[in-house]
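**Q** Here is what each chain is made of, one letter per residue.
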Amino acid sequence: KNEVEQSPQNLTAQEGEFITINCSYSVGISALHWLQQHPGGGIVPLFMLSSGKKKHGRLIATINIQEKHSSLHITASHPRDSAVYICATGSARQLTFGSGTQLTVLP
Amino acid sequence: DSGVTQTPKHLITATGQRVTLRCSPRSGDLSVYWYQQSLDQGLQFLIQYYNGEERAKGNILERFSAQQFPDLHSELNLSSLELGDSALYFCASSGDAGTHYNEQFFGPGTRLTVL
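Protein chains in written order, with the numbering used here: chain F, 1 to 107; chain G, 108 to 222.
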């Protein structure tokens, strides 16, 4: 059974700080997804990756398949980045979700 | 706006009742996924339909059922409701292959409260 662990559970940062959220999983996967859940509940896909690194604006996602680990980085964080960030692993049958990281960026 | 719509937004009902949640996927998407998000369990995959056929099943209770119609909209039926069924229910859609390799786009969710 695939276990997905995220750390930290909660993170408070000052505006402008560089932020890292980590995700580890226990079995081989086909793809890893990073999602953002807004305070109102809506879920937005950020990245889907199976190797290497992807960048979109101030967000960077990396994955190390051998170590079964992925990181989501936010550069120059801003209060509007405050949200829950969720990683999910994809296999042939389903997505398995981490418990999420609650990020609060203070002005 | 993801292009995925869900109705209703909120639903309050009593234990033992039955409700139906509705989802319309993004235009052109053939796959619909249903997820439950509760405070103690986080996000969990329930079931997937692809072009009208059940494709994958997750942690879906026997009291719950779903279907996808010819116009590709999907319904999730929850019956004999219990307090523990109170949760946010999301549907998501994705493009072609109907596997979990594709990016999924989430609807706004239906918040179900069972009293």
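Keep in mind that the hints were calculated from the coordinates and are not lab data.
Just to be clear, a hint being listed does not mean it is correct.
Unchecked claim - Estimated spans, in silico, between C-beta atoms of each pair:
| no. | chain 1 | residue 1 | chain 2 | residue 2 | range |
| --- | --- | --- | --- | --- | --- |
| 1 | G | L146 | F | F18 | 27 to 35 angstroms |
| 2 | G | H117 | F | E3 | 31 to 39 angstroms |
| 3 | G | R125 | F | E17 | 29 to 37 angstroms |
| 4 | F | S82 | G | T220 | 41 to 49 angstroms |
| 5 | G | T122 | F | L49 | 39 to 47 angstroms |
| 6 | G | S134 | F | V44 | 40 to 48 angstroms |
| 7 | F | E67 | G | Q124 | 41 to 49 angstroms |
| 8 | F | P79 | G | L146 | 23 to 31 angstroms |
| 9 | G | G202 | F | N2 | 20 to 28 angstroms |
| 10 | F | S99 | G | G202 | 24 to 32 angstroms |
Just so you know, these numbers come straight off a predicted model, no measurement behind them.
Just so it is clear, CB atoms sit at the ideal spot from N, CA and C, and this is done for glycine as well.
**Q** Mind listing which of the numbered hints don't hold for this structure, in increasing order?
**A** 3, 4 and 6
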